[in-house]
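First to last, the sequence lines map onto chains A and B. Numbers in my numbering are just positions in the first sequence, counted from 1, shifted up by 16. Numbers in my numbering are just positions in the second sequence, counted from 1, shifted up by 16.
Accuracy of the hints is not assured; some may be wrong.
Copies of the same chain look alike in the list, so a pair counts if it fits in one copy or across any two.
[Unchecked claim] In silico lysine-lysine, DSS-like type, Cα no more than 30 Å apart, as pairs:
1. 95 - 455
2. 95 - 34
3. 156 - 209
4. 455 - 209
5. 209 - 95
6. 34 - 455
7. 209 - 34
8. 34 - 156
9. 156 - 95
10. 455 - 156
Hints in this document: simulated from the structure, not taken from any laboratory.
2 protein chains.
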Amino acid sequence: MITLQDCRALDTQDPLRKLRGLFALPEGVIYLDGNSLGPLPEATAPRVARAITQEWGEGLIRSWNSAGWFDLPQRLGDKIARLVGAHPGEVVATDSTSINLYKVLSAALSAPQADARRSVIVSERSNFPTDLYIAQSLCKERGCELQLLDDGDADAIAASLDERVAVLMLTHVNYRTGAMHEMAALTAAAHRKGVLAVWDLAHSAGAVPVDLHAADADFAIGCGYKYLNGGPGAPAFVWVHPRHADRFEQPLAGWWSHAAPFDFAPGYRPAAGISRYLCGTQPILSMAALECGLDTVLAAGPLGGMTALRRKSLALTDLFMELVESRCAGHRLALVTPRQHDHRGSQVCFTRTASDGESGAYAIVQALIARGVIGDYRAGNARASHAQDGLGHARGLPDILRFGFTPLYIGFEDVWHAVEQLRQVLESGEWRRPEFNQKHAVT
Amino acid sequence: MITLQDCRALDTQDPLRKLRGLFALPEGVIYLDGNSLGPLPEATAPRVARAITQEWGEGLIRSWNSAGWFDLPQRLGDKIARLVGAHPGEVVATDSTSINLYKVLSAALSAPQADARRSVIVSERSNFPTDLYIAQSLCKERGCELQLLDDGDADAIAASLDERVAVLMLTHVNYRTGAMHEMAALTAAAHRKGVLAVWDLAHSAGAVPVDLHAADADFAIGCGYKYLNGGPGAPAFVWVHPRHADRFEQPLAGWWSHAAPFDFAPGYRPAAGISRYLCGTQPILSMAALECGLDTVLAAGPLGGMTALRRKSLALTDLFMELVESRCAGHRLALVTPRQHDHRGSQVCFTRTASDGESGAYAIVQALIARGVIGDYRAGNARASHAQDGLGHARGLPDILRFGFTPLYIGFEDVWHAVEQLRQVLESGEWRRPEFNQKHAVT
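This is chain A alone, in the form it adopts within the complex (with noise of 0.2 Å):
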């Protein structure tokens, strides 16, 4: 069995430990939701207020030149690039998620396709339901034909490609169980149908190492608020394979993406490369904010990257797993995560199965929130407002409840007393009490 004594011995020896100190983390509180919000970066506060008192303030309208703000979904894509195995050049921050997947997605839909008939893009049912509303519109736009695959098995991914698929569109780590997809293989599959590539890396940048050139990946897009720490609502960002790059063009064709934008021309140029996925002006305060979230994970470079931070996440959520299944046993908790490790992302997902039909999920997450433990609770699609939303039968998915870990800042002791924090709410049954089962608007 292991021990606190033991979890205290491998913070001794992680070589990452002292990276926690990078952030503002508050007293009392182990975070694991990291996936949905990373943490605040001590550097972000004193950054931003010199954004706004003397960039802005003092600098005024000059600081565009200045302070080069005009450059920064470039200069902050470049950052990006270096955690998505993309090259210098390749990525903007900018918009959202879901803008940025609404222009790569366009942008794929119009590849001149020597077979007509492509007219599909294949998805999982079980993905960010962000992106399949995205889907949803363009295929309503285009006449094209969104479908959804019911099981995240590799096999029976690359069994759906066929002449009439224009894009596989995935999710790389499933936003609730957790799974990875095997991105080279599966994009390798799609370009023997001749099918493109478009990739949601919203839970693998800075999470999982990821090397969009080695997968020969087509599209990606991805999230600044959750494992890149840039606070909330941060610019997202879209990277595009040099070989597309000026091969489309995206319809959100604001100036900013304009080959010259100062020459107030009424002509829509689009600009070379990345630059043509931009729109409008960017929200420049949450930009600097981004930076300084981005450079902790560049922080990590030195002690191994990506590689030591993907070792210690998988030493993270193995214990997790571990602990949660032996010292927590008997209350009918079912891991929903993978196993394996080359099929899991950062995060570990349980359910709790219950003979009265009521999971407990939501109220057990809100108890350990009492308790000083972050995590969430991610609803199943089980109730009855989903049979209404016309794409196909709920499957039952069972509501969860979700841990995020992220070796920046949580360490061996953390995950200790996080399932301890579990085991005596679900020993105590607290978690039962009304003030816990009080839905909020955001869940």
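Once you have looked at the hints, place chain B on chain A.
For chain B alone, coordinates are given in the frame of chain A:
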């Protein structure tokens, strides 16, 4: 002749004078570029610091509920509504102006039409280019045509509207000339021909009185970082008349536009009302700053609101015109902005006619900035690159010197000194120095 003493007397009598204290303006600067980037409100730095350290740092993911992050687009939208003649619940603050234009123009083009031949968007060649680029992009997607008028004359615009036209897309106050359209009259002309009216309020919101309901407009969008003082790249806004809000969908159908985003259902159902014009997660730090900017304009409410701001704006721009024309006489400056009050926004532009063909406008602005008077320059369209845009011939629009007047923080004595600096720049010929002719990336 008006004297410096006259200007000081006007300041003494100005009921809005104390509002200047709401801003952190640098010493020695007269800021006449609030039409490009509004200055820093005093409230912003502490408000954003609180959003960072307390809401994000301490509250972490819980702040989506406890700090009201999720409702910011609607809550800030309600504040904007008060400035543009909209009702509560009709506006959201979100994304960029370009992106919001894409949404409303898409919606307007999807209007069911008795006459299927309507496939033309009418606008002006002198509209802000990003509006034209977005319209070109949608035209390409939808098989529509963008018809650009050379003349902003209301009669010419009205005459261009016929049964082929789906949408009239205009910017209320022209970004170059400061000329203002009569919104109600042009909207009525559009409606008489069955045409929907889309208004860009980028240079109107917070600058001139706008009454979207009185004008019976159909759609409007606008900018948060100009006269609303929201900070560099602040989120923009979008308004849809309630008669249309539930009638159309917009294509950027991200999860924030869903009727029940936290159901995580795979099928898209648009939210009721203006919330369906959201898309993805918003940059919260930039939203927090935007709210401080909105509050500076709303602070004029007890002092007469937009009516009082407009009265002072006209007095300031009248004074500036008169002083430039009298004190800078003989320096070939020619007024571009309409003299007539109801055809003018809150900025004044001059061009310089030069015998050698080089207007000097850029260098004169640079020399003024070096003297602490910050206006800006907008290039004319006589340059070679404009011949390549495929949207008609260059019309020989002149280079301009552009000066924005925001009555919240600009006084009459400021106007005097600004003109005096301009006079000295012209008299001395110092603008001909090489350092004032070096172009920056952002002009």
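Comparing the hints with the structure gives:
1. 95 - 455: between (38 Å within a copy, 28 Å between copies)
2. 95 - 34: within (22 Å within a copy, 45 Å between copies)
3. 156 - 209: Answer is both: 24 Å inside a copy and 29 Å across each meet the 30 Å cutoff.
4. 455 - 209: The answer is neither: 46 Å in one copy and 50 Å across copies each exceed 30 Å.
5. 209 - 95: neither (33 Å within a copy, 52 Å between copies)
6. 34 - 455: Classified as neither: same-chain Cα gap 37 Å, cross-chain 45 Å, threshold 30 Å.
7. 209 - 34: Neither, since 47 Å and 69 Å both go past 30 Å.
8. 34 - 156: Result: close neither inside a copy nor across copies, 50 Å intra and 54 Å inter.
9. 156 - 95: Classified as neither; 36 Å inside a copy, 34 Å across copies.
10. 455 - 156: Close neither inside one copy (34 Å) nor across copies (45 Å); limit 30 Å.
The structure fails to meet hints 4, 5, 6, 7, 8, 9 and 10 from the earlier list, while all remaining hints are met.
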